Amino acid sequence: MWLSKSSVGRKVVMSVTGAALVLFLLFHMSMNLVAIISTDGYNAICEFLGANWYALVGTAGLAALVVLHFVYAFILTLQNRKARGSQRYAVSERPKNVTWASQNMLVLGIIVVLGIGLHLFNFWAKMQLPEVLHMMGMHVDAVTMENVANGSYYIASTFSCPVYAAIYVIWLAALWFHLTHGIWSSMQTLGVNNNVWICRWKAIGNVLATIIILGFLVVVVAGYFGLGALGKIALECGAACC
Amino acid sequence: MDKNISFTLKVWRQRGPKAKGAFETYQMKDIPGDTSFLEMLDILNEQLVNENKEPIVFDHDCREGICGMCSLYVNGHPHGPATGATTCQLYMRRFKDGDTITVEPWRSAGFPVIRDLMVDRTAFDKIQQAGGYVSINTGGMPDANAIPIGKDVAEEAMDAAACIGCGACVAACKNGSAMLFVSAKVSQFALLPQGKVEAKKRVKAMVAKMDELGFGNCTNTRACEAECPKCVSISNIARLNREFIKAKLKD
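Protein sequence lines correspond, in order, to chains H and X. Just so we're on the same page, this note's numbering is the position in the first sequence counted from 1, plus 32. Just so we're on the same page, this note's numbering is the position in the second sequence counted from 1, plus 7.
Treat each hint with caution, since some may be false.
In silico BS3-like links for lysine-lysine, alpha-carbon gap of 30 angstroms or less [claimed, not checked]:
hint : chain 1 : residue 1 : chain 2 : residue 2
1    : X       : 257       : X       : 133
2    : X       : 255       : X       : 211
3    : H       : 114       : X       : 237
4    : X       : 158       : H       : 114
5    : H       : 128       : X       : 181
6    : H       : 114       : X       : 208
7    : X       : 203       : H       : 37
8    : H       : 234       : X       : 237
9    : X       : 255       : H       : 234
10   : X       : 216       : X       : 237
11   : X       : 25        : X       : 60
12   : X       : 158       : H       : 234
13   : X       : 257       : H       : 37
14   : X       : 255       : H       : 37
15   : H       : 114       : X       : 25
16   : H       : 234       : X       : 253
17   : X       : 237       : H       : 128
18   : X       : 27        : H       : 114
19   : X       : 103       : H       : 128
20   : H       : 114       : X       : 207
21   : H       : 128       : X       : 10
22   : H       : 114       : X       : 216
23   : X       : 181       : X       : 211
In short, the hints are calculated from the structure, not lab data. Computed from a prediction, not measured in an experiment: that's the story for all the values here.
With these hints in hand, go ahead and build the complete structure from the sequences.
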């Protein structure tokens with residue numbers, strides 16, 4: 033299979049999964065913005081994306097994309113390190129047009145994956161997961177079951193904690209760097225590029241990455257300072273924090 | 008007249024492919040600024056020979072930037088700090104009095120060191136032999152206007168054909184990828200009518216050979232393009248990807 037055997041094929045897999053994940057990020061970011069305007073509206077989306085068949089298929093698809101992107105990243109990096117050889121340069125200088133992000137995609141990706149782990153623990157484990165467990169006939173306590181679609185509450189309680197808010201900001205920063213290289217790079221790998229479009233793709237990549245990250249950031253900030261609709265949620269003392 | 012400079016030279020010395028190498032330091036005195044980098048090494052080698060020491064082994068041939076033999080990694084850059092120039096086109100006036108200049112061979116698993124600063128670049132020949140040619144019978148010389156080719160296309164093919172196969176792209180790449188070289192060789196044919204006939208076969212064969220020889224996967228850092236002495240653009244890599252994907256989808 034050329035998608036796993038050839039170097040270009042492996043990069044195509046990275047590009048396609050990466051581009052699909054960018055589309056998901058755009059959707060997730062837009063969805064989050066609702067929480068600032070209306071908590072009921074946001075909870076309605078959470079209800080809609082609960083343990084329904086389409087949401088579960090979507091979740092499984094996303095998980096597959098992340099796993100593929102991650103596994104291929106490790107395979108590619110190992111192969112590249114081997115190709116580079118064991119002997120390193122004593123002096124090396126980064127040329128001007130080489131971005132820092134482009135040389136550190138794996139490290140940035142690892143930060144992103146760790147962030148996803150925390151994110152699943154903060155939200156998914158309290159929302160879709162208990163619903164699925166309940167459907168499978170396992171015991172889930174009543175308070176958790178009542179709140180599986182109360183996404184607004186979980187946003188407000190998680191980001192009211194300064195430690196979580198700070199970790200999420202770092203996570204988003206790493207994601208921004210990852211995207212600024214990833215977006216245009218995926219188009220280059222798919223061959224949809226030339227001398228004219230390279231500047232355009234880079235601009236599109238930077239703008240898209242910035243829009244996505246700012247959208248996510250606004251919700252974290254609103255949750256931390258209790259702005260917009262999120263400010264009206266009464267938190268139990270020390271709800272999610274520390 | 009350029010000033011004369013004195014500087015410290017740190018050169019990688021390695022007896023053979025399997026031997027362990029190390030840096031050796033040489034003090035260079037009163038080298039005129041209009042000496043080329045390779046001439047400076049010639050001066051040093053003459054001194055070493057006169058002292059009954061082994062001269063430094065390095066690749067060189069035409070010394071006018073077209074053969075692609077010279078291959079030194081000078082102060083963290085393939086072909087040194089100058090842009091769009093090979094090592095033989097690098098002059099000592101680029102350096103300052105009292106500088107320390109570090110000279111290393113290309114470092115990549117695909118280019119094993121033969122001795123000192125000389126590396127084995129036959130891998131590039133093997134990739135070229137896998138498909139970097141036109142094998143159809145093109146007959147006698149046709150009339151110049153028989154096959155119309157747009158000016159911009161001809162220019163782009165010529166820019167790709169400017170690649171001298173020196174290996175600076177591989178040396179610069181953190182992934183040891185040969186994509187810039189292979190893409191230039193694929194592009195110079197893929198753009199022109201004579202080359203299009205075998206485009207699919209060629210791109211598959213050359214990429215397969217490149218992978219087989221253990222070159223890395225391109226991650227689009229653009230270091231190759233920045234260090235290329237012939238300024239070959241990564242738009243050629245996009246073309247290679249496009250040609251390869253199209254060829255594989257047709258299978």
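Each hint tested on the structure:
1. A threshold of 30 angstroms between alpha carbons decides the hint, and for residue 257 of chain X with residue 133 of chain X the separation of about 26 angstroms falls inside it, so the pair holds.
2. About 8 angstroms separates the Cα atoms of residue 255 of chain X and residue 211 of chain X, which keeps this hinted pair within 30 angstroms; it holds.
3. Distance restraint check for residue 114 of chain H and residue 237 of chain X: the Cα-Cα separation of roughly 27 angstroms lies within the 30 angstroms cut-off, and the hinted pair is therefore satisfied.
4. Distance restraint check for residue 158 of chain X and residue 114 of chain H: the Cα-Cα separation of roughly 42 angstroms exceeds the 30 angstroms cut-off, and the hinted pair is therefore not satisfied.
5. A hinted pair counts as satisfied when its Cα atoms are at most 30 angstroms apart, and residue 128 of chain H with residue 181 of chain X qualifies at roughly 15 angstroms.
6. Between residue 114 of chain H and residue 208 of chain X the alpha-carbon distance is near 28 angstroms, which keeps this suggested pair within the 30 angstroms criterion.
7. Proposed proximity of residue 203 of chain X and residue 37 of chain H is supported: the alpha carbons are some 25 angstroms apart, at most 30 angstroms.
8. Proximity of residue 234 of chain H to residue 237 of chain X is assessed by CA-CA distance (about 24 angstroms); at most 30 angstroms being required, the pair is judged to hold.
9. A distance of roughly 27 angstroms separates the Cα atoms of residue 255 of chain X and residue 234 of chain H; the hinted pair therefore holds under the 30 angstroms criterion.
10. Using a Cα cut-off of 30 angstroms, the hinted pair residue 216 of chain X and residue 237 of chain X holds, with the two alpha carbons roughly 24 angstroms apart.
11. Between the alpha carbons of residue 25 of chain X and residue 60 of chain X the distance comes to roughly 21 angstroms, so the proposed pair stays at or under 30 angstroms and holds.
12. Taking the CA atoms of residue 158 of chain X and residue 234 of chain H, the gap is near 27 angstroms; set against the 30 angstroms cutoff, the hint holds.
13. In summary, the hint linking residue 257 of chain X to residue 37 of chain H is supported, as the alpha carbons are separated by about 17 angstroms, within the 30 angstroms threshold.
14. Of the pairs offered as hints, the one joining residue 255 of chain X and residue 37 of chain H holds, with about 12 angstroms between alpha carbons and a cut-off of 30 angstroms not exceeded.
15. Between residue 114 of chain H and residue 25 of chain X the alpha-carbon distance is near 17 angstroms, which keeps this suggested pair within the 30 angstroms criterion.
16. Of the supplied pair hints, the one linking residue 234 of chain H and residue 253 of chain X holds, its CA atoms being roughly 24 angstroms apart against a limit of 30 angstroms.
17. Our distance criterion of 30 angstroms between C-alpha atoms is met by residue 237 of chain X and residue 128 of chain H, whose separation comes to about 17 angstroms.
18. For the suggested pair residue 27 of chain X and residue 114 of chain H, the alpha carbons sit about 19 angstroms apart, so the restraint of at most 30 angstroms is met.
19. For the hint linking residue 103 of chain X to residue 128 of chain H, the alpha-carbon distance of about 21 angstroms falls within 30 angstroms, and the restraint holds.
20. Of the supplied pair hints, the one linking residue 114 of chain H and residue 207 of chain X holds, its CA atoms being roughly 29 angstroms apart against a limit of 30 angstroms.
21. Our distance criterion of 30 angstroms between C-alpha atoms is met by residue 128 of chain H and residue 10 of chain X, whose separation comes to about 29 angstroms.
22. Proximity of residue 114 of chain H to residue 216 of chain X is assessed by CA-CA distance (about 17 angstroms); at most 30 angstroms being required, the pair is judged to hold.
23. Distance check on the hinted pair: residue 181 of chain X and residue 211 of chain X sit about 24 angstroms apart at the alpha-carbon level, within 30 angstroms; holds.
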